[in-house]
Amino acid sequence: MGRSTGYKGKDHHPEDVQVHLSNKSRKKMTRWERMWMNRRSAIEPVISHLKQDHNMVRNFLKGKEGDRINAILSAAGFNFSKLIRAFFCYFENLISSSFLFSI
Numbered sequence: 001m002g003r004s005t006g007y008k009g010k011d012h013h014p015e016d017v018q019v020h021l022s023n024k025s026r027k028k029m030t031r032w033e034r035m036w037m038n039r040r041s042a043i044e045p046v047i048s049h050l051k052q053d054h055n056m057v058r059n060f061l062k063g064k065e066g067d068r069i070n071a072i073l074s075a076a077g078f079n080f081s082k083l084i085r086a087f088f089c090y091f092e093n094l095i096s097s098s099f100l101f102s103i
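Under the working numbering, the residue at position 76 of the sequence shown is numbered 76, and the numbers go up by one with no gaps.
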């Protein structure tokens, strides 16, 4: 599990999980660690977008199960909006290309 240096003193992670801090120099990291740190950098803006635009700032559901439900529904809404955007782009290209050939 990749974490930033603010997580350094926390001991509440499960026993079978290794915590990799991102303060190591890139030369000392293995290729696998660099790949996961880059992946983490790519995911953080998506999580921020979910929190701001898909109402993950405040959770009104109770308990850990409520947290899971809220996260799944927010991710589903995010994926659905991406799917709708892709459909609109596809149909827009289809319609614009058909008008170009008819003229």
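Read the hints as simulated data drawn from the structure, not as lab findings.
Keep in mind the model is a prediction, meaning the values are calculated, not measured.
Hints may contain errors.
[Said to hold, decoys possible] Simulated DEER-style distance windows between Cβ atoms:
| id | residue 1 | residue 2 | range |
| --- | --- | --- | --- |
| 1 | Arg85 | Arg58 | 22 to 30 Å |
| 2 | Asp53 | Phe87 | 14 to 22 Å |
| 3 | Glu92 | Arg39 | 13 to 21 Å |
| 4 | Ile69 | Phe91 | 29 to 37 Å |
| 5 | Met29 | Leu83 | 13 to 21 Å |
[To be verified] Within a straight-line C-alpha distance of at most 30 Å, the following computed DSS-like cross-link-like pairs (lysine-lysine) qualify:
| id | residue 1 | residue 2 |
| --- | --- | --- |
| 6 | Lys82 | Lys64 |
| 7 | Lys82 | Lys62 |
| 8 | Lys82 | Lys51 |
| 9 | Lys51 | Lys62 |
| 10 | Lys64 | Lys51 |
Glycine included, each C-beta is placed from N, C-alpha and C at the ideal position.
State, for the Cβ atoms of Ile69 and Phe91, whether the hinted interval 29 to 37 Å holds or is violated.
-> holds (33 Å)
Given the hint that Lys82 pairs with Lys51, test it: the Cα-Cα distance must not exceed 30 Å.
-> holds (16 Å)
Is the hinted pair Lys82 and Lys64 satisfied, with a Cα-Cα distance of at most 30 Å?
-> holds (27 Å)
Verify the proposed pairing of Lys51 with Lys62, using a straight-line Cα cut of 30 Å.
-> holds (18 Å)
Holds or violated: Lys82 with Lys62, Cα cutoff 30 Å?
-> Within the cut-off at roughly 28 Å; holds.
Okay, Met29 versus Leu83 on CB: inside 13 to 21 Å?
-> violated (36 Å)
Holds or violated: Lys64 to Lys51, with C-alpha atoms at most 30 Å apart | Status holds; Cα separation ~18 Å.
Can you let me know if the beta-carbon spacing of Glu92 and Arg39 is within 13 to 21 Å?
-> violated (32 Å)
With respect to the beta-carbon atoms only, verify the hint that Arg85 and Arg58 lie 22 to 30 Å apart.
-> holds (25 Å)
For Asp53 and Phe87, compare the CB-CB distance with the range 14 to 22 Å and indicate the outcome.
-> Cβ of Asp53 to Cβ of Phe87: about 19 Å, so the range 14 to 22 Å holds.
Checked against the numbered hints given earlier, the structure breaks hints 3, 5 and satisfies all the rest.
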